[in-house]
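Build out the structure end to end from the sequences listed, making use of the hints.
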Amino acid sequence: MSVTKGKSGPGKAPTYLDRIRRLKERVLSTMPEMDLENARLLTAGFREAEGEPLVIRKAKAFRNQCYHKTVTIWDDELIVGCAGSKIRGGILCADSCWSVLDRELETISNRKYDPFYLRPEDKKIFMKEIKPYWQGRSNYEEWLAQIPEITRALRDHGVIYIDRKAVRGWGETTAGYEWLIKEGLTGIVNTIEKERIKLDITKPGDYEKDYYLQALLIAAEGIAALAERYALEAERLAELEADPRRRGELLQVAATCHHVPQQPARTFREALQSLYLYHTCIFMEQNAASYNPGRMDQYLWPFLKADLNAGIITNDEAQELLDCLWVKFSEPCLFQDALTAEFAAGYPMFQNVCVGGVDDTGKDAVNELSCMILQATIDVQLYQPSLSVRYSMAKNPNSFLRKVVELISLGTGFPAFHNDDLGILMLMNKGIPLKEAYNWNPCGCVETNLEGRLRHYTALADINLGSMVEFALGNGKNRKSGLYIAARTGEPNNFVTYEQFINAVKTQIAYAIRAVVAGSHVLDEIGFNRPVPALSLTFRDCIEKSLDYAWGGAKYNTGNGIILIGVADLINSIAAVRHLVYDTGLIRMSELLNALEKNFEGSDKLRKLCLEAPKYGNNDPLTDQIAGDIFTFIADEIEQYRSKFGKMTPGILPVSGNTPFGLEVGALPSGRKAWQPLADGVSPSGGTDFNGPTAVLSAVAHIPHGRFVQGTLLNMKIEPAMFNTENGIAQLMAILKSMCSLGVYHVQFNVIDQDTLLRAQQEPEKYKGLLVRVAGYTAYFTELGKDVQDEIIGRTVMQGISVG
Amino acid sequence: MSGGRQKSEMALTGSVLRFARASMHDGRGLRTVLFLKGCPLQCPWCSTPESRPFEPQRGYVQDLCTLCGNCVDACRVQALARAADEKDEKTVTFDPEKCQRCFGCAASCPQNAIKKYGHTLTVAEAVEQICQDEIFYFHSGGGLTISGGEPFCQAGFTANILRETKKHGIHTAVESCMHVPFSQIEMALPWLDHLYADLKQMDSRLHLLWLGENNGLILENIKKVNASCFPLVITIRLPLIPGFNDSDQNLRESAQFCAGLTNIREIEVLPYHRLGSDTYRHLGLDYQCLDLTAPSEKYLQERATFMRKFSGPLPVKTGSGLI
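Protein sequence lines correspond, in order, to chains A and B.
Quick note on numbering: our numbering labels position 189 of the first sequence as 198, and the sequence is numbered without any gaps.
Quick note on numbering: our numbering labels position 24 of the second sequence as 269, and the sequence is numbered without any gaps.
If you are wondering where the hints come from, they were derived from the structure by calculation, not from laboratory data.
Each statement offered as a hint is correct.
Subject to a maximum C-alpha distance of 16 Å in a straight line, what follows is the list of computed EDC-like cross-link-like pairs (lysine to aspartate or glutamate): (1) K411(B) <-> E379(B); (2) K795(A) <-> D308(B); (3) K360(B) <-> E792(A); (4) K746(A) <-> E379(B).
Derived list of chain A stretches under chain B, where covered just means 3 residues or more per stretch with a C-beta under 8 Å from a C-beta of chain B: (5) 609-619; (6) 789-803.
Each residue gets a CB set at the ideal place from its N, CA and C atoms; glycine is no exception.
Below you can see the structure in the form of structure tokens.
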């Protein structure tokens with residue numbers, strides 16, 4: 010297999026890539042639009058079922074969508090399905106949050122982050138059919154009415170972001186795709202019927218169980234009917250089709266959709282189609298990010314292996330089907346409100362697909378399909394699916410790691426590289442036994458998940474860590490508004506010792522966590538009114554307990570995820586105060602407060618001291634120690650809270666929330682000026698890591714990753730010199746193994762390629778923090794002389810190594 | 246050995262330019278390169294001119310300077326002064342004669358336009374830093390490389406660091422110009438796994454003309470190291486400088502010299518590069534190699550192939566020479 014296969018190598022590209030290019034072109038040339046068909050059908054379904062239990066109404070509304078939604082098969086498609094009526098539609102989840110669109114009716118077509126074009130006729134449907142029915146009834150409205158006071162104050166000042174779950178559906182879960190593919194809806198329905206027979210509705214509690222199981226059956230009926238509609242549409246198109254080749258393809262689509270997901274899949278093709286149709290259904294049921302296909306290389310491999318052995322498919326044909334599915338994953342666009350879009354920009358569906366790792370006996374799980382999945386991302390190079398690698402240093406072969414490095418070198422940002430042992434540890438820390446934890450999968454961004462068995466919001470709310478320092482140095486005052494909104498931790502000028510200062514920071518963090526937990530409990534309550542029968546259908550325990558996913562029916566439940574943003578800003582600010590005010594006495598607290606108040610205006614010398622104080626990411630003993638202490642405190646603090654579903658769970662992943670959060674935070678002792686973005690994930694602040702990748706990883710390892718069970722995200726910049734020679738590839742492999750030894754959980758690489766450097770040369774002011782290696786030292790690229798810059802640009806060129 | 250002596254050896258200080266971690270170009274695997282200061286040669290193409298003198302040096306990056314004058318106020322001996330240049334533009338002048346190298350100017354500069362090249366470090370401090378990347382050495386087969394400057398000029402410091410580093414099971418290498426008394430090299434050999442010895446020019450007159458010293462001591466030292474009883478690996482490195490040492494004659498003689506030695510592992514040809522040219526400007530020095538162009542990959546390969554004809558059993562490799 011060649012890594013360059015997807016590129017325009019003369020005469021080398023396999024022919025199926027022509028189809029993929031055409032499919033891709035259609036996605037790339039289609040502008041995201043609001044798609045209100047689902048909302049309309051959902052509303053009609055709810056209306057018809059007035060008076061019935063909520064979950065039955067939800068199931069009937071879902072079935073109504075399946076019966077009546079537009080069914081389209083586009084040219085060239087081999088895998089079919091679409092959650093809405095348009096390729097790149099934003100689906101409004103009316104029962105969750107119709108009012109979000111109400112607020113943005115006039116702006117959504119042109120808003121800054123993730124605009125959706127809203128057609129005038131759709132606007133009319135919204136005003137006439139959707140809004141009048143749902144006004145006063147959506148989950149979002151319940152939330153707005155019930156936000157606890159302590160939570161609201163911090164929420165309204167950008168200290169916490171906690172609306173995400175109220176403006177979209179569940180997401181952040183891995184459905185039981187494997188069960189559906191293997192046993193089909195028929196098998197699942199049998200299981201439901203068996204449970205139903207056991208019930209006696211004269212017994213207290215059994216009536217609720219009975220109507221719940223009925224709701225599941227209604228959802229299953231809907232899914233089966235939708236597949237059948239695709240089969241009929243394919244047959245209709247086949248009849249009209251003049252090209253015999255395409256007619257054959259359409260008939261094959263028809264045959265496939267007649268069979269799955271109703272029946273168990275018999276072939277790789279059927280397995281893919283069964284997976285995708287169900288995948289669109291759960292997205293249709295509730296618009297949300299992070300419905301994760303998970304370990305596709307594990308549950309699909311038996312199908313592919315059998316097909317290959319039986320000679321009914323070739324490797325290229327299988328690759329083509331996978332690539333087609335990859336394009337499908339890039340079609341849907343996450344609809345969210347303008348603010349949420351700022352926190353996760355780019356219509357991010359976060360459909361996380363994972364390869365590698367170990368099987369449930371703990372042994373190497375890499376197979377041929379793992380590499381084909383990597384190849385699909387190399388071939389297609391679209392923004393979805395989110396491709397993750399579970400790398401088990403002990404078990405996965407070097408050849409697999411090398412393939413991963415080759416994919417990294419393409420500079421797409423994929424794959425997200427996960428340390429398998431840490432992922433397993435995190436799941437165990439969520440209370441899941443080792444045998445099952447072996448089967449974990451990355452979820453959404455870098456969260457941890459378990460297919461068909463685990464329920465929680467992995468990223469319920471974000472806490473702005475920059476604000477924590479601001480509050481500690483302002484006795485609870487929010488600099489932007491001038492209001493005292495947080496804990497009153499005392500006048501900082503009276504902090505005689507470092508301990509007094511750090512205790513104030515910790516008190517502020519504890520206060521913010523408390524505010525989030527209070528809000529989380531409210532959202533859990535509201536979540537009970539948000540049953541998801543189509544999703545629950547593939548959670549075996551939901552059937553056995555006759556309890557919806559939303560009600561805690563999954564085998565494992567934990568408290569929601571609380572996400573920390575601004576890790577480096579927090580550590581660097583604490584370190585600067587400790588170093589400058591307490592350890593060396595170079596500046597007085599009052600001088601520092603004064604400079605921060607004025608955003609360092611006229612305090613060049615003081616700011617220089619702040620900037621030169623130890624910085625996280627350089628493996629400095631002071632920042633390393635602070636990282637360990639403060640993040641142990643944070644994990645302890647979060648874990649001491651429980652919800653109805655279990656222990657609350659910490660995580661560190663920013664998506665893009667570090668930018669809007671930064672807008673809310675004034676100047677910090679780290680030397681960061683007011684209203685600038687915060688650092689992302691567990692990464693060092695941009696342009697402060699002078700000691701190269703080994704120092705970054707060694708520093709980052711001081712955060713106790715295993716305790717942040719919703720994952721930790723590290724972004725690293727990498728120069729092409731790391732992988733454009735055989736030696737470089739070997740060293741990057743060694744770096745990744747070292748990262749695993751150090752206990753760092755995740756890393757994702759951005760390649761500093763030639764284009765980046767050329768742009769930095771032309772627009773230096775935009776690339777001020779860009780660090781590069783020169784001759785044995787690290788320097789800001791924009792501060793180098795032109796000739797040296799040119800020499801560095803020159804070395805980004807591939808040095809003719811063979812890959813693949 | 247008494248604990249007291251051990252302690253004093255750990256407290257021994259050296260003059261250090263900097264550490265570079267995760268280097269891929271100074272030996273096998275991922276390496277921490279410790280650059281020492283002080284070099285007996287004056288190679289005009291040197292990519293780290295700030296490593297030549299033993300003492301810390303002051304650098305000035307004019308492009309970053311905003312002429313705020315903080316440094317002038319910070320200087321206690323008036324080595325810095327506000328002035329006007331020939332175009333009557335504001336400027337800051339520096340008198341190196343007056344400067345006492347307190348580096349108060351560097352500390353006062355809000356733009357970091359004034360650099361301090363070099364500081365002192367104890368053996369213990371150096372070893373602590375080296376050990377930070379232990380895990381990376383383990384997975385990559387890397388380790389420590391002491392470079393410079395000339396490591397053997399600070400022979401005691403170098404030997405002690407190597408000895409202490411070996412106690413942690415870390416692979417050790419030294420890059421040397423070999424223009425030092427052999428006794429200073431000998432001190433390090435028991436703890437050295439890999440020696441990179443430079444061989445720049447076989448013609449002693451040209452050597453003297455370009456580098457300020459003839460090559461007699463260097464050739465002699467290479468022979469002595471080759472004959473040493475310690476099982477270290479020796480690589481002869483030849484920086485390929487167009488117009489100075491890339492002639493057929495020099496390459497042939499260099500190859501033949503190496504081929505005559507029994508314990509050399511390989512010859513490595515490194516291309517000249519100009520990544521250090523900025524630093525000359527910052528030091529107020531002329532970059533004498535402005536007219537030189539870096540040899541192309543093709544030329545480098547061709548020259549290496551040529552050498553291989555005369556190197557007997559020795560392989561001739563080409564390195565990227567980036568660091």
